[in-house]
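Heads up: the protein sequence lines correspond to chains A and B, in order.
Reminder that position 56 of the first sequence reads as 56 in the working numbering, one-by-one numbering, no gaps.
Reminder that position 55 of the second sequence reads as 55 in the working numbering, one-by-one numbering, no gaps.
In case anyone wonders, no lab produced these hints; they're calculated from the structure.
Cross-link-like lysine-lysine pairs, in silico, BS3-like; alpha carbons within 27 Å at most:
(1) B:Lys56 / B:Lys5
(2) B:Lys71 / A:Lys57
(3) B:Lys54 / B:Lys71
(4) B:Lys56 / B:Lys68
(5) B:Lys54 / B:Lys68
(6) A:Lys57 / B:Lys5
Each pair of labels, with its calculated beta carbon distance range:
(7) B:Asn67 / A:Gly84: 34 to 40 Å
(8) B:Ser74 / A:Arg55: 30 to 36 Å
(9) A:Ile12 / B:Asp55: 44 to 50 Å
(10) B:Ser69 / A:Asp71: 45 to 51 Å
(11) A:Thr7 / B:Val78: 35 to 41 Å
Remember, it's a predicted structure, so these values are computed and weren't measured experimentally.
Glycine included, C-beta positions come from ideal geometry on N, C-alpha and C.
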Amino acid sequence: DSGVTQTPKHLITATGQRVTLRCSPRSGDLSVYWYQQSLDQGLQFLIQYYNGEERAKGNILERFSAQQFPDLHSELNLSSLELGDSALYFCASSSMRQGRQYGYTFGSGTRLTVV
Amino acid sequence: DQQVKQNSPSLRVQEGRISILNCDYTNSMFDYFLWYKKYPAEGPTFLISISSIKDKNEDGRFTVFLNKSAKHLSLHIVPSQPGDSAVYFCAASDNYGQNFVFGPGTRLSVLP
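Chain B with its partners taken away, still in its complex shape (with noise of 0.2 Å):
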């Protein structure tokens, strides 16, 4: 049973546009999230961080929300840019950061 979930496995977003990737997770004890970005043939880097403390961390263009109570998250990406089409995964940690549980990943695609 997937932990963390990323139920849209891609999205398509005109350049300029908002760009919302959501992330959901059913461990109630996760307390730190994180989103990360993949370009092919590249490893994983890391994108923005929220702890549960928080429901909101915005740093330029990316902003991620928490909603605790729906075990929810989300990414939003403004403006989008062509540059943004990466693979986008959600993860989360429950043990002070030992293991992080990674969904599946939204590839996202921004249009020209």
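Next comes chain A alone, as it looks inside the complex (with noise of 0.2 Å):
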């Protein structure tokens, strides 16, 4: 267990619909970022939060939004999906104390199947 939590963990649903992915991030870690990994592709960053505030943005789609609650936990809405939104999404967490010297560590993801 990294202590990264990450619900659900698969999730089928039709396309045109919504979902919520759910993150609740190590213990202390104030910064959460989301990857998606498609079939064969590498990890996409697609957006990082800081102690509730966003911090930086990478590849995310205007239908895909997050935020980071107070508590720290984090979500990640994908609406109006598309069958090539199936994916693997995992979060990850890090510290400042840590700094980078470990990067980040990561949860067990959630596969997302769109048909």
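Taking the hints as your guide, dock the two standalone chains into a single complex.
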């Protein structure tokens, strides 16, 4: 157990629908990152939050949004889903105390299947 | 354009031999590099890191080499074990670790 919790582990939904993925970071970590891994693709950075505020944005579609709540958990909202959104979505967390020496701690991911 | 490249999608190595995984980057501002290992149905886990002020970092069976002039790093696993079979991601950062850029990964298979 990495300490980063993602729910649900699996999600199957239809095109056009909206889903919410949830992430609880490791205790004490203020930064949360969301990554998408499509079939045979690398980890694509979507967005980063630090202590409730958006810190950096990557290749995140306008149909996607995220937020980090006061208790530091984060949610990634995916709307108007398309078949191509089927992927593994990973959440990761890190702390300033930890610095970048060990990079990020990843959760086990949510596998989203859009049918 | 990919800033971090892992040109070998897969690698097969015999148990006990050396595994060499390669990573190339294009951004000369990258100054910190990580390797992650990922098993199926799990998230990536940190393996080893190297700062641009070094050219080698060793941790047990794992050694990372950095060639800044060539913008190339490699991960050596000696000796390779079947449990090392996984996907290995190279990642690079240029902004005090605010954002790591990941390569596409190399799938290593260590054959018994």
